[in-house]
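Trainee: One-letter residues, chain by chain:
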Amino acid sequence: MDNMNLTLKIWRQKGANDKGKMVDYNVADISEHMSFLEMMDVLNEQLVNTGEEPVAFDHDCREGICGSCSMFINGEAHGPVKGTTTCQLHMRSFNDGDTIYIEPFRAKAFPVLKDLVVDRSSFDRIQHSGGFISVNTSGNTQDANATPIPKHDADLAMDAAACIGCGACVATCKNSSAMLFVGAKVSQYALLPQGKVEAKDRAQNMVAQMDAEGFGNCTNTGACEVECPKGISLSNIARMNREFLSGSMG
Amino acid sequence: MSTLDGKVPHGQPLKDTWTTYKDKVNLVNPANKRNIDIIVVGTGLAGGSAAATLAEQGYNVKAFCYQDSPRRAHSIAAQGGINAAKNYQGDGDSTYRLFYDTVKGGDYRSREANVHRLAEVSTNIIDQCVAQGVPFARDYGGLLDNRSFGGVLVSRTFYAKGQTGQQLLLGAYSAMNRQIARGKIQMFNRHEMLDLVIVDGKARGIIARNLITGEIERHSAHAVVLGTGGYGNVFFLSTNAMGSNTSAAWKAHRRGSYFANPCYTQIHPTCIPRSGDYQSKLTLMSESLRNDGRIWVPARIEDVEAVRNRKLKPTDIPVEHRDYYLERRYPAFGNLVPRDVASRAAKERCDAGFGVNATGEAVYLDFASAIVRYGKEQALLKGESDATDARIKELGKDIVKAKYGNLFDMYKQIADENPYETPMMIYPAVHYTMGGLWVDYNLMTTVEGCYAIGEANFSDHGANRLGASALMQGLADGYFVLPYTIGGYLSNDIRTGKISTETPEFEAAEKEVKERLEGLVNNKGTRSVDYYHKALGIIMWEKCGMSRNEKGLKEAIEEIGALREDFWKNVSVPGGAYELNPQLEKAGRVADFLELGELFAKDALDRNESCGGHFREESVEVGGPQDGEALRDDENYAYVSAWEYTGKPSDAVLHKEQLDFKDIKLTQRSYK
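So the sequences go chain by chain: W and B.
Each step along the first sequence adds one to the number in numbering that gives the first Met the number 0, with nothing skipped, and position 219 is 218.
Each step along the second sequence adds one to the number in numbering that gives the first Met the number 0, with nothing skipped, and position 107 is 106.
Bear in mind the hints are in silico, worked out from the structure with no lab data behind them.
Just so it is clear, the structure is predicted and the values come from calculations on it, not from any experiment.
All residues carry an ideal CB built from backbone N, CA and C; glycine is no exception.
What you were told as hints is all true, and nothing was included just to trick you.
Each pair of labels, with its calculated beta carbon distance range: (1) E301/B to P147/W: 57 to 65 angstroms; (2) N25/W to S669/B: 56 to 64 angstroms; (3) I663/B to P147/W: 31 to 39 angstroms; (4) G230/W to R146/B: 19 to 27 angstroms; (5) G221/W to R146/B: 34 to 42 angstroms; (6) E447/B to A15/W: 37 to 45 angstroms.
With the Cβ distance kept under 7 angstroms, some of the chain B side facing chain W (calculated, not the full set): (7) N123; (8) Q127; (9) Q131; (10) R137; (11) N176; (12) A180; (13) M241; (14) S274; (15) K280; (16) S527.
The calculated SDA-like cross-link candidates involving lysine to any residue, where the alpha carbons are at most 20 angstroms apart (straight line), are: (17) K510/B to V198/B; (18) K81/W to I413/B; (19) K8/W to P53/W; (20) K647/B to R254/B; (21) K195/W to G141/B; (22) K497/B to R33/B; (23) K183/B to S120/W; (24) K585/B to V41/W; (25) K103/B to E634/B; (26) K523/B to G50/W; (27) K13/W to P573/B; (28) K400/B to L380/B; (29) K8/W to E102/W; (30) K18/W to I211/B; (31) K160/B to D152/W; (32) K81/W to A414/B; (33) K160/B to D154/W; (34) K14/B to D439/B; (35) K32/B to N135/W; (36) K13/W to E214/B; (37) K392/B to Y419/B; (38) K411/B to V399/B; (39) K201/B to Y488/B; (40) K411/B to T83/W.
Could you put together the complete structure from these sequences and hints?
Mentor: The structure is reproduced here in C-alpha cells:
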C-alpha cells in the first residue's frame, strides 16, 4: 500500500477547567507499518516544528501491557481492532484519505486533564479500598507449594488478573460503569485460597469506593467485554456480585 | 583514583555472610520508626516492593512515580519469568548453583557476596508472591510449574503466562495499596524527581515536579531510595518504555553518587526489527523462541536483494543457499548461544550486507524445521504412519502454537506477517543496563543516606544478565535486602526529628531546578527534543553498541559533547514550565542522557577488554579454536569502574572496586 494522507479531528483542551473542542489536523505520508501512536508522534513533531503546542496523550510501554494509552478512536476505546490497545493498533487498519476522530476516554470519574490525558486515579483509590491480600513481607510465609491450587482456579485467576487498568471498559459503557475492572480484581483473589479469607469484605469495600467515585451501574450490555483489550470476561462481574451479595447477607 | 570498599562483612564463609549480617545489624524500634521518613522514587518491582515493606515496618514512606499510577512502571512488561532456587523439580538446583550461574553468566564482573545473598533470598520471593495472590502457572496437581531459561541446566523459572512482570508488579502494587490505605505510604503519582537534596553530607530529600500542574515541590526525608530503573533509552530505540529515563540516578550522580560500569548494556538478540525512521520503540520477543527457531540469512547476496524487493519469498530459498550462521560458527551451542554472542553474530551478517528487510537490519528466525519435527513426532504418537506433509505440518503447528502462541500473535499484530507460514524477522535491541549507581553491600551509594535498588544499581549482574534474573533482583532488593540494611543507617537518626525543607540547601536546589526548566522553555530554538534524542541514539548505536573500538569511542565522546552543546543552544520546547507539558519532561530527560552517553563512551574506552555485553574489537582471541571471540582480561580489568562526577562527564574521575572471587574459579566462556 502507498503511504496515506489523513485528516485528524482531535479533542484539544488546555487544562482541566478549560473548555475543549475538536480541532482539525492533516498528516501526510503515513506508512501502514506505523503504530497509531507513531502517527501521533509524526503529528506532534510537525506541530513542534511549526511552533504549535503538541497534543498531550498518555502512553508509556507501547507494548500493550502498561495500560497508559487511552484514546477513543472513531467512537471506540482503543480503536477498531479487537483485543488491542491503542499503542498496538497499526495504521494498516486505516485507508488513504480517512478522517479519524480522536477523543479522550470520557467518564465523570475520569476528568480530562489536558487534550487526551485523563485522570484515572479513581481506579487507584478503588484498589486502595481492598485490592490486596493482607499479608506482611516476612520472607517466612509458608512454602509456596504448601497449598496446592487446582489448575483450573489458578488459570481463571490469571485470566482475571490480566486486566491492565486502562479504563476502556468505563469509557465504553453507557453508564460509565467500572464493574468489569472491579470484578476482575475481586475475582482474582476470590478464586485463590489466599484471597478467600477477605473476599466478602473486599467486595463490599471496593464496590462502596466504586460508587463513591461516581462510576455508574452495570446494565449488562456487555460492551465492556467487547472493547476490553485483554478480553476480561463478563463472568467476573457475576462473581463480584456473588461475593457482594453473600457479604451483604452477613 | 581511589579504591572503593564494598563493605562486605568479613570473617565468615560466603554462605553465612548475609545471615551473620542480619544477626548483627542495628535495628530501629517500632516507636522510633514512626518518626522516620523515607522517600522511595520509582514504583517498579524494586521501588514498589521497598515502599510497601518499609511502610509495613512502620516507617513513613513517600513514594513517587512519573506514571499516572504505580502499577504502570515498566517492570510490567517483563515476559518470561523469575528465577528462584526452590528445586521443586528435583533437578539438582540449589542456592549455590543459582549463585554460580549468575556470577558466571555475568562474566565474572559482579560482587560475589551480593550475588550469593540474591540467590539466598530468591526462594522467599516465591513464597511471598504466592501469599499475595500472584497467579503463577501451576501443573495439574496444583503445584507451581517451572520452565528452563537461557544458559542454565536446571528448571528454576517461575512464570505467569507471558506476563510474569505484570503479575509480580501488580503484587507489589497491591502491597503498596494496603499501606496507602493505612496512610503509611503517601503516594505521589505523576511526579518526577528533578534533584537530590543533600544536607550536611547526607541525602535528606528531593525536588520533584508535579507533572500535572508543573509545580515544583520540596520533599524531605531521613533517607532517599532510588528504584528508578535503567538507562537503555540513551540509545533512543530500546525495549524500555517511552518514559524510562536516567534523570533521578543522574541527579544523584551529579550530587556525589558514583556511577558504576555505565558501558555494560544488554543487547537482546530477538526483538522485532525497526520498520522505518518513525520507529519510536522496539518490542522484545522472548528468548525462549530460540529453543525451536533456527536463525539464518541468505548465503547469496542476489537472494538478499530479491527478498528485500519482495521478488523472492524466504520460503523459496533452498537450504543450500541459506547461511545458518550460528550453527556454522558455534556448532556446540548453535542457536542457543548466550544473548551477547547471538546479537553480535546478527550484526556481523547485517554489516556484511545480508540483512533481509528494507532497512538491512534483520535476520530470519525460522520455525519450519521445528514444525516438521514436532509434526512427525505427533503423527507417530497418533499412529498416523502415512501422514502427508500437509498433515505433519498441521500437527506440528499445533505444538508450536501451544508453546509460543501468544508471542506469534504479538509478532503478527506488529509485523503483519504470519510466522507459522514464513520466518519471523528479528534484530538485536537494547534491553537492559547492568551498570548503574555504585552501591555497597548495604545498597547505599557513595552519598550517605541515598540508596539504589533494582536495575538502578550495578551490583548483581556483572557484565551480562541472565534471563529471568531482573525480576528476581528487583524484588530481592525491595522486599528482603533494603528493609534490613537501611535500618542500620537509620538507627543513627532516631533523634534527628523531622527534616525541614526551609533550609538553604532545599532553596538552592529548587532554584537550580526552576532555572533549568525556565531555560528550556525560553530557549525558543529551532529543533525538537526528539531530533536530539534520535541523533544521540545513532551515535550510541553506531559507536557504543554491540561492538566498540578505541577510535569510535573517542569520536563518540566528541560528538556527544558537541550535540549537547547544540541542544542547549537550539532546542525548542513549546508550552510553559508550570503546566502539564510532556515535551518539557522529555527535554529534561534527554538533557541528562546527553551527559550519561558521554560517560558511557568514556567507560567503554577505559575498559580495554571484552566481557559480557561489552565487546572491544581490540580484545579478541587470536588463532586457535576461539579465534575472533571475546577475550576477557582478568589480570587488568577484574574491577568495578565507579565514576565520580566533576563537571564535564568525560572528565569524570575513576575509582575502582577490586573484585575478589573466593568461592568461584574464573574460567573462559566457550560456545564453539
